[in-house]
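Each chain, written out:
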Amino acid sequence: MKKLLCVLFIASTVASYGQSDSSRVKAIGIDFFKNIPFLFLRSEGYRRPLFLDGVVLLRAQRPFRYYHLSAGYADVSNYREQRIWQNVQGGYLKFGKEFNKSLSLTNFFWGYAGAISWLQVQSKLAIKGNIFEDYTAPLPDYSGMGISAELFLGADFRVAKRLRARLLWRSAAGTSNVGAPNAFYLPGAGIRIWNEPFILTGGITLQCVYVLAK
Amino acid sequence: MKRFYLVFMLWGSMSLYGCETCGVTSEPTLTVATTNGTPMNTTKVRAIGTTKEIVAQTAFSASTVLTLPINLNANSTTYILEQPTRQDTLTVFYKKRIYNVSTKCGYILDLIEPDSGPQIKSTFKAVDIRYDRYYNKVTGLSGGLGGEGIIILIKDL
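Those protein sequences? They're chains Z and L, same order as listed. Counting in the numbering used here, the final residue of the first sequence is number 214, and the numbers go up one at a time with none missing. Counting in the numbering used here, the final residue of the second sequence is number 157, and the numbers go up one at a time with none missing.
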């Protein structure tokens with residue numbers, strides 16, 4: 001919860017900065033899509049998904065270029081490898097640059113970003129019994145940090161006068177080798193597709209942004 | 001071409017690095033075998049504390065090797081091996097070890113020999129026990145260590 005408050009504090013600071021210099025802030029928005037796929041992944045062992053993400057687009061000096069600032073909070077559990085229950089709680093701060101093609105009704109963009117993540121992992125061994133009863137044993141909690149870099153491209157669509165939906169495809173590489181190398185999820189980057197310190201991940205998401213200044 | 005070899009070597013190294021079995025990942029089993037290869041003529045195997053009956057994958061009576069489940073909620077498992085004319089008991093002792101083995105596996109569960117006390121008790125005339133790890137890691141092309149689990153050898157019925 002402290003992490004959530006921290007993320008909200010940072011988001012509100014960014015928002016207040018944006019209000020004080022409205023000429024620089026192009027848009028603010030939220031990313032609500034991440035929660036949806038996890039709701040349908042119960043058979044894959046995912047439980048209690050909660051993702052809160054905010055995004056701010058700041059106008060850069062050159063036209064059609066923006067600084068991309070986002071922060072988020074993640075809380076999700078997973079039963080993995082038929083032996084470990086893991087709950088990952090954490091947050092991230094992401095900063096990048098975005099290049100827009102135009103300001104038309106459908107606008108294509110691409111960019112890059114780097115993120116720093118922090119996470120706390122609670123886990124337990126849980127081995128299902130067949131002939132004997134199930135076995136569970138607690139494991140030590142641990143916390144750590146990770147970094148990731150990503151490339152993204154997408155399109156945004158005008159939904160209402162100042163409201164735009166941004167469909168975004170992202171591909172990220174990162175490492176969580178500081179303290180929490182075995183977490184199945186790295187906030188800001190995504191699900192680890194293999195159990196190595198270096199991860200490749202990615203996905204599609206949908207952001208909803210409110211345009212403050214044209 | 002040099003670049004191709006470099007990529008190939010890197011890929012090969014990563015493939016070998018990935019060959020790791022992360023200890024106990026389902027209800028573990030142990031192996032019971034006779035050293036001279038004669039069938040044990042076992043008609044039924046029971047274990048104390050089970051929630052289900054142990055069902056043989058192949059007929060117990062024809063087997064020279066039995067694969068039996070281990071109770072993780074205790075530090076020993078007792079089996080009762082029924083034969084047409086006799087009944088034998090076999091109690092296996094072990095210790096559960098949970099430790100952080102590698103970046104890939106993280107914390108794992110393995111079964112090792114107990115620190116003190118007996119390792120095995122049996123009504124068979126002569127038995128031997130070997131504790132191999134359930135965790136296994138391939139350490140290059142020559143193979144690796146562990147992965148076979150607990151093995152019981154019945155030397156004399």
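Please keep in mind that the hints were generated in silico from the structure rather than gathered at the bench. Incorrect hints may appear among the rest.
Using C-beta positions, here's what the derived DEER-type ranges look like [as the list claims (entries may be wrong)]: (1) Z:ASP141 with L:GLY117: 26 to 36 Å; (2) L:ASP115 with Z:TYR112: 11 to 21 Å; (3) L:VAL65 with Z:GLN122: 16 to 26 Å; (4) Z:GLN122 with L:PRO114: 23 to 33 Å; (5) L:GLY147 with Z:SER171: 28 to 38 Å; (6) Z:GLU44 with L:PRO114: 50 to 60 Å; (7) L:PRO84 with Z:SER43: 40 to 50 Å.
Ideal placement from N, C-alpha and C gives every residue a C-beta, glycine not left out.
A quick look at each hint next to the structure:
1. Z:ASP141 with L:GLY117: 26 to 36 Å: With Cβ atoms ~32 Å apart, the hint holds.
2. L:ASP115 with Z:TYR112: 11 to 21 Å: The hinted range 11 to 21 Å is violated for ASP115 of chain L and TYR112 of chain Z, with Cβ atoms some 55 Å apart.
3. L:VAL65 with Z:GLN122: 16 to 26 Å: 41 Å, violated
4. Z:GLN122 with L:PRO114: 23 to 33 Å: Given range 23 to 33 Å: holds, Cβ gap about 30 Å.
5. L:GLY147 with Z:SER171: 28 to 38 Å: 36 Å, holds
6. Z:GLU44 with L:PRO114: 50 to 60 Å: At 38 Å between Cβs, range violated.
7. L:PRO84 with Z:SER43: 40 to 50 Å: 46 Å, holds
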